[in-house]
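S.K.: Protein chains in written order, with my numbering: chain A, 18 to 133; chain B, 22 to 133.
Rather than coming from a laboratory, the hints here were simulated on the basis of the structure.
No residue lacks a Cβ here, since even glycine has one placed at the ideal position from N, Cα and C.
Certain hints may be false.
[What the hints assert, rightly or not] Calculated pairs, DMTMM-like style, for lysine to aspartate or glutamate (alpha carbon to alpha carbon, straight line, at most 20 Å):
id : chain 1 : residue 1 : chain 2 : residue 2
1  : B       : 79        : A       : 121
2  : B       : 63        : A       : 61
3  : A       : 95        : A       : 61
[Said to hold, decoys possible] With the C-beta cut set under 7 Å, the calculated list includes, among others, these residues of chain B facing chain A:
id : residue
4  : 37
5  : 61
6  : 64
7  : 75
8  : 81
9  : 120
10 : 123
11 : 126
[Stated by the list, open to error] From chain A, some residues computed to sit far from chain B (all C-beta separations above 10 Å):
id : residue
12 : 79
13 : 82
14 : 121
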Amino acid sequence: GAGVSQSPRYKVAKRGQDVALRCDPISGHVSLFWYQQALGQGPEFLTYFQNEAQLDKSGLPSDRFFAERPEGSVSTLKIQRTQQEDSAVYLCASSIRRDRSYNEQFFGPGTRLTVL
Amino acid sequence: ILNVEQSPQSLHVQEGDSTNFTCSFPSSNFYALHWYRWETAKSPEALFVMTLNGDEKKKGRISATLNTKEGYSYLYIKGSQPEDSATYLCAFSSGGYQKVTFGTGTKLQVIP
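In isolation and in its complexed conformation, chain A is listed as follows (with noise of 0.2 Å):
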């Protein structure tokens, strides 16, 4: 596809449920980010893959959330037993160099998580 894909788009949950949100990034982008955006709030960094190694996770809010790309490609991001407050937009971004902090990110649509 041309642009960043999520899915699903709108997840409702069950307090205590686990959830998993798929990100498709640009084909040949080696930079992923995960951003959860709160109601109100501007997004903020989760974390962070150059390829397959999760080089930053110093965003995730606890040990309930837990992201990975196996194969340098497609990320899942999981947070188990879900709490109200991880109702929030969680949205993917993929870029395609490796170590410039000013390249474009290019943004998924977002996931929007409501608990329960």
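Given the coordinates of chain A, assemble chain B onto it according to the supplied hints.
M.R.: For chain B alone, kept in the frame of chain A given last:
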């Protein structure tokens, strides 16, 4: 913790009006400043990335300026149109790393 602030939080303007928003960011360890436009139900779209003090960028009716010494950037929209209605996000990068810190955004509504 890096603080990136945007003002105003929201803005309603009449079609044809010109408008501007502000993004303030730390003036130390500056690497790049990004502006994104995020329309409802769509993906955030990159507008500009600026790296040098004094940079000015333009895309159609939208332009942006950068002052890294005092830590602010302005985004201008000339002759606003209803299709400009969106949330405008700025994001700051420091050091040589790809992580960006976003502001909370300015939500613009252009009234026909």
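S.K.: If a hint holds in the structure, say so; if it does not, say that too.
M.R.: Now the hints, each set against the structure:
At roughly 16 Å between alpha-carbon atoms, residue 79 of chain B and residue 121 of chain A fall within 20 Å of each other, so this suggested pair holds. Of the pairs offered as hints, the one joining residue 63 of chain B and residue 61 of chain A holds, with about 18 Å between alpha carbons and a cut-off of 20 Å not exceeded. Of the pairs offered as hints, the one joining residue 95 of chain A and residue 61 of chain A holds, with about 17 Å between alpha carbons and a cut-off of 20 Å not exceeded. The restraint placing residue 37 of chain B at the interface with chain A is violated, with a minimum CB-CB distance near 29 Å, outside the 7 Å limit.
The criterion of a C-beta within 7 Å of any C-beta in chain A is not met by residue 61 of chain B, whose closest approach is roughly 10 Å, and the hint is violated. For residue 64 of chain B, the suggested interface contact is upheld, since its CB lies about 4 Å from the closest CB of chain A, less than 7 Å. Given the 7 Å rule on beta carbons, the hint for residue 75 of chain B is violated: about 16 Å separates it from the nearest Cβ of chain A. Look at residue 81 of chain B: its Cβ only gets to about 18 Å from chain A, farther than 7 Å, so that hint breaks.
With a cut of 7 Å, the hint placing residue 120 of chain B at the interface with chain A holds, because the nearest CB-to-CB distance is about 5 Å. The restraint placing residue 123 of chain B at the interface with chain A holds, with a minimum CB-CB distance near 4 Å, inside the 7 Å limit. At a threshold of 7 Å, the smallest CB-CB gap from residue 126 of chain B to chain A is about 6 Å, leaving the interface hint in force. With 10 Å as the threshold on Cβ separation, the claim that residue 79 of chain A sits away from chain B holds: the shortest Cβ distance comes to roughly 18 Å.
No beta-carbon of chain B comes within 10 Å of the beta-carbon of residue 82 of chain A; the shortest separation is about 16 Å. The beta carbon of residue 121 of chain A sits about 5 Å from the closest Cβ of chain B, which is not more than 10 Å, so the claim that it is off the interface is violated.
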